[in-house]
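There are 2 protein chains.
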Amino acid sequence: MKVMFLGTGAGMPAKARNVTSIALQLLEERQTIWLFDCGEATQHQILHTSIKPRKIEKIFITHLHGDHIYGLPGLISSRSFLGGSNDTVTVYGPKGVEEFVQTSLLISKSHLTYNIQFVECTDGVLFEDEQFKVIAKKLDHGIDSYGYRVVEKDLPGALLIEKLKELPIRPGPIYQKIKNGEQVMLDDGTYINGQDFLGPSQKGRIITILGDTRYTTSSVELAKNADLLIHEATFAAGDESLASDYYHSTTKQAATIAKLADVKKLLLTHISSRYQTEDEIKQLEREAKSVFFNSEIAADFIEVDIPKNRH
Amino acid sequence: MKVMFLGTGAGMPAKARNVTSIALQLLEERQTIWLFDCGEATQHQILHTSIKPRKIEKIFITHLHGDHIYGLPGLISSRSFLGGSNDTVTVYGPKGVEEFVQTSLLISKSHLTYNIQFVECTDGVLFEDEQFKVIAKKLDHGIDSYGYRVVEKDLPGALLIEKLKELPIRPGPIYQKIKNGEQVMLDDGTYINGQDFLGPSQKGRIITILGDTRYTTSSVELAKNADLLIHEATFAAGDESLASDYYHSTTKQAATIAKLADVKKLLLTHISSRYQTEDEIKQLEREAKSVFFNSEIAADFIEVDIPKNRH
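Just so you know, the sequences run in chain order Y and A. With the numbering used here, letter number 1 in the first sequence gets -13, and the count goes up by one each step, no holes. With the numbering used here, letter number 57 in the second sequence gets 43, and the count goes up by one each step, no holes.
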């Protein structure tokens, strides 16, 4: 599980930072990629990475500002043009995403080789299967802006093969039942509990990716105990009043959310182009670190590994 | 008058060539820039040039395929964000451009600081003022695709100052009348003809920029005697059947249009990403040159000067 930043700037593209997009790479877990936001030229950024558009399974849009959605029609069309996958792509986002994409595709006469479906965002569980659960919650950005909490389900412990070999059974379908932790009857009529033949379960990871927002307690709820929190930091510390006026956050506000939520790591993105030099970026990072030490300012194309939990 | 290619690829962005956009820079003539097509990331390309978005006065869209329009919402919004000009921007194009742009702006809550107006393309004179005339004509691309003939009006000859000085008049408003070629009464009641005090007029230039198209005689009409013709060449010579199937042209077909129209220079664009190496591009150029010698394959960021005519 890795996160790749495809765009870390605010409002408009700049030479150093493109507008927002984040790829959550679940290649090991489910052979797919989930995209969070899709600013203009996200598909261009992808050309410079190893990401294959056909692997994109889900696209989560935090809010409808242009710097977060204008890359959707191009990416969606090119994914079709490139071929290779007929799997459905699901786009989650506030009301309006579907109209924007469908109007763009219709007017440009773009016909997709795969199915696309849209899920309108509301507070609560947005998606759940046996591997993952995604919880959405509205933030504070003037227009509807959502944060997403991606929860990986706990992985069952590994089968204790050596211990199993002591039982009078042969490898076969019964092993799968034991692996699932089920109760199983042996040939001699006795029962064993699968759970007794499994190592400790592996705690799933939590990644929280927030849309543009002011400082809000909703962010703390979404980020509680996350392995990684991605929060915007459009302004420097001290500009809290400006941040509030424009419905954005400062470095220190974002770091305070990370601290209150007790996350493992904070990555700051949506950096205004007013901060350009290495010194300016270092200063933003120092501000965040002064509140929450494990903070980092993201840059386009940085890749962050989210290591598996031990147990 | 210069042309800058902002994107010279076909269908999808590639590392070497972005999707279509061409900037006709009329800085000397009217302090403005006219854009022809606006594929995704045109505003990103502009970041690497000296073009100022606030100078963009008109945007001509040839047709509605995504690789020619998906950059419009971003460019139009950023032009507003950057400020500096409240002048109206006019977007010309086939029916559908307005809906695409307005839907995008509306859904993303983008409010412009300038006025934007849309003119639906039809065959004939699309725009005319004292300096320029733009003629549109439908080409052959399956969906409505237009070619644009930009005609600069002839410039009046320079005022023959030395000859004027022989007359019993003083410099003043009367000079302007003479410069306009008007008949003027002198203090002694005699008349002079302004035309007699002007050098030879300067022939205006003609630039023809065509949308995606099959080989069609409409292109010859639009390009007749042009100083510069910009024509697509999606396929290599020999692939005429393929080109026809996909409503595109080959290098030799484009060069044949240039030859029949008796243009001064041909620039080929919309180059498929199947042609990547220098050798492959040289080969495309040789094919075109074998039919029309003054042919060149465009590349992203090349700038072509269109010199003034002598008289």
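Rather than coming from a laboratory, the hints here were simulated on the basis of the structure. Possibly wrong hints are sitting among the right ones.
Identical copies go unnamed one by one, so any copy, or any two together, can satisfy a pair.
With a cut-off of at most 27 Å between alpha-carbon atoms, the simulated BS3-like pairs for lysine-lysine come out as follows [unchecked claim]:
#, residue 1, residue 2
1, 294, 245
2, 163, 189
3, 210, 251
4, 1, 38
5, 123, 268
6, -12, 1
Structure-based check of all given hints:
1. 294 <-> 245: Within one copy only: 21 Å inside, 66 Å across.
2. 163 <-> 189: For residue 163 and residue 189, the Cα distance is within 27 Å only inside one copy (21 Å; across copies 87 Å).
3. 210 <-> 251: within (12 Å within a copy, 65 Å between copies)
4. 1 <-> 38: Both ways: residue 1 and residue 38 sit 24 Å apart in one copy and 15 Å across, limit 27 Å.
5. 123 <-> 268: Classified as neither; 31 Å inside a copy, 55 Å across copies.
6. -12 <-> 1: Answer is both; intra-copy 25 Å and inter-copy 24 Å each pass.
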